[in-house]
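Whole structure, please, built from the sequences with the hints as guidance.
Listed in order, the protein sequences are those of chains A and B.
Read in order, the letters of the first sequence correspond to residues 1 to 278 in our numbering.
Read in order, the letters of the second sequence correspond to residues 1 to 325 in our numbering.
Hints may be right or wrong, so weigh each one.
[Unchecked claim] The list that follows gives simulated cross-link-like pairs (lysine-lysine, DSSO-like), each with its CA atoms no further than 27 Å apart:
1. B:LYS80 with B:LYS65
2. B:LYS275 with A:LYS246
3. A:LYS180 with A:LYS102
4. B:LYS275 with B:LYS175
5. A:LYS2 with A:LYS273
6. A:LYS16 with B:LYS136
7. B:LYS318 with B:LYS223
8. B:LYS7 with A:LYS102
9. B:LYS58 with B:LYS95
10. B:LYS223 with B:LYS236
11. B:LYS136 with A:LYS273
12. B:LYS319 with B:LYS223
The hints are simulated quantities; they were obtained by calculation from the structure and are not laboratory data.
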Amino acid sequence: MKKIIIYIRSASPIGKAAFLLLTAIIILSIFGSQLSRYPHDLSSGKSLEAPSKDHKLGTDDLGIDLWAQICNGARISMIISLGVATLACGIGSFIGIISGYKGGIIDYILMRFTDMVIVLPQLPTMIVLGAFFGPSIKNIIIVLSLFSWTRIARITRAKLLTIMEQDYIKIAKGYGASFKYIYLNHIQSQILPIIVLCFIKTTGKAIVAEASLSFLGLGDPTSKSWGLILNRAMDFNGIYFTPYWKWWVASPLIAIVLLVVSISLIGRELENKYDFKM
Amino acid sequence: MSKNIFKISVGYVITFLFIITINFFIPRFMPGDPFTYLSSDESGMNVTYSDEEMQKYKEYYGLNKPLGIQFVNYIRNVLKGNLGYSIILNDEVSKIIISRITWTLGIVIISIIISCFFGTLLGAVSAYNRNGLIDKIIYSVFMIISEVPAFIIALIFLFYFAAYLDIFPLSGGFKPFVEYESSFENITDIIHHGVLPAVSLSFINIGNFYILSRNSMIDILQKDYIITANAKGLNKSRIILRHALRNAILPIVTRIFLSLGTAIGGAVLIENVFKYPGLGTLMREAVFFRDYPLIQGIFLIMAVMVIIMNLTADIVYKKLDPRLK
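The following block contains the structure:
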């Protein structure tokens, strides 16, 4: 915790602003149901009310409060993106570390496999998998992480290859140090900042990917994320000819942009700090 | 050299087989089978097959054979160009795809031209004024733009230019039910509909082109001959365009092919925003109606296009830059 505070203090003004925004959205996602007066899944007013004191962001076609939906959507985005980032970083760093440490044929096979997954067109494949496995939060997390680990694996492998060339590793190996010993004493401290950075970047990417999937109607219909709100709004007949888009489309749109941009700014800030480009 | 190309190609052929395998096994790993799916139709039509009928259909579609033989048959069909039969559109999948693919390729190619041109130009300007005010402004604008997902930008364009200002049409690729008086009118109509999708699609790649061009320009602007050109008192645009940009263009050319690959994937979303009649919109319809043969067919075509683009990028990259040998 102390480290984080020191880090924020040393950040640039833009980084600080991004951090503030992200904290606000995280608070929204945790305390969303306390912060909104109305439920996010039941109608609580007339349909398509304009923003007012009562309904801060207005209501959608079923009369459900949009502010409550945005709060709930923040939670879903957070759950999905953190889930994806955890899974992807786990798989990716595992494959990267094994590949870089072992080298030889194992490295070759793992890297060819990684190349193959990288070449696959992401969005169409996600659509196919999403369509066949059916929409649920769990499936979306799995499908998204299937595509997010590749970059992490490559980066950790590249880093590990440079570490493995160091003399102290060679000497340690010469003394008969086991993988576990070398990993804990020499590798972990060097690889951890990179994985943290990857984690943050993957979170941002996962939010975009989830929003895209649910915008196409492949999101979990029982848990309304921001993309799904957009999807509903765009499917509404005459959304272009009525003023409803001013709150119905704009609020999830702004929410997505703010979250994605603030995460990417924080990622950039970290990149500058560790002097490391992805 | 040709040995090198062969080596690269082998990797891509394996990827292609990998994709076909995915395509083949996904529906077969699903719980249940297609006839149970069809039996309990979601749209209210209740169709149930008896056991004998199921047996008959399974035999008809070759689903009672062992997986290995099914797989071989599937690959044979795909290589013949036979992608199956669409359930919703009652036509061969390959025919449907051919009728839609030009729309997608059209906006993809135009978007690449836009993003390549403006990205490179702004990158060059930015590099020339390195660390100046102009550079900082352009750089930070691009940093933010490249993080915002393109379909969000497309939505903003849609609501601002099409719905609010009413300059461009809201959706579709052409005016429905219109008899054109001349082919010129036809073409202008299609262009009019294609502007917003192509421009918003170009935002997927413009950031990459910008960064690439900026970095390679910064490298080149430090070379001696640029200093000479400056000392000779040549004007700015001549230095940027004739002396520097020409040499900085190499990495950009190779990037074009890679960008085509990403743009094809990105087009799926953009087309859906504008209801543009390309493959992406078709894919969404197919997903909506659970038309599995169509989904798989589109996926396969898109994957093949992306693979070919990546392969070309690899080869061109090695050809253009002899240092990479």
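Structure-based check of all given hints:
1. With a C-alpha separation of about 21 Å, the suggested pairing of LYS80 of chain B with LYS65 of chain B holds against the 27 Å cut-off.
2. Distance restraint check for LYS275 of chain B and LYS246 of chain A: the Cα-Cα separation of roughly 21 Å lies within the 27 Å cut-off, and the hinted pair is therefore satisfied.
3. Proposed proximity of LYS180 of chain A and LYS102 of chain A is supported: the alpha carbons are some 13 Å apart, at most 27 Å.
4. Among the hinted pairs, LYS275 of chain B with LYS175 of chain B is consistent with the structure: their alpha-carbon atoms are about 13 Å apart, no more than 27 Å.
5. For the hint pairing LYS2 of chain A with LYS273 of chain A, the CA-to-CA distance comes to about 17 Å; that is within 27 Å, so the pair holds.
6. Proximity of LYS16 of chain A to LYS136 of chain B is assessed by CA-CA distance (about 19 Å); at most 27 Å being required, the pair is judged to hold.
7. Only pairs whose Cα atoms come within 27 Å are accepted, and LYS318 of chain B paired with LYS223 of chain B is accepted, the gap being roughly 24 Å.
8. Proposed proximity of LYS7 of chain B and LYS102 of chain A is supported: the alpha carbons are some 24 Å apart, at most 27 Å.
9. Our distance criterion of 27 Å between C-alpha atoms is met by LYS58 of chain B and LYS95 of chain B, whose separation comes to about 25 Å.
10. Restraint check: the Cα-Cα separation between LYS223 of chain B and LYS236 of chain B comes to about 16 Å, which is no more than 27 Å; the hinted pair holds.
11. Distance check on the hinted pair: LYS136 of chain B and LYS273 of chain A sit about 19 Å apart at the alpha-carbon level, within 27 Å; holds.
12. A hinted pair counts as satisfied when its Cα atoms are at most 27 Å apart, and LYS319 of chain B with LYS223 of chain B qualifies at roughly 24 Å.
In summary, the structure agrees with every hint in the numbered list given earlier.
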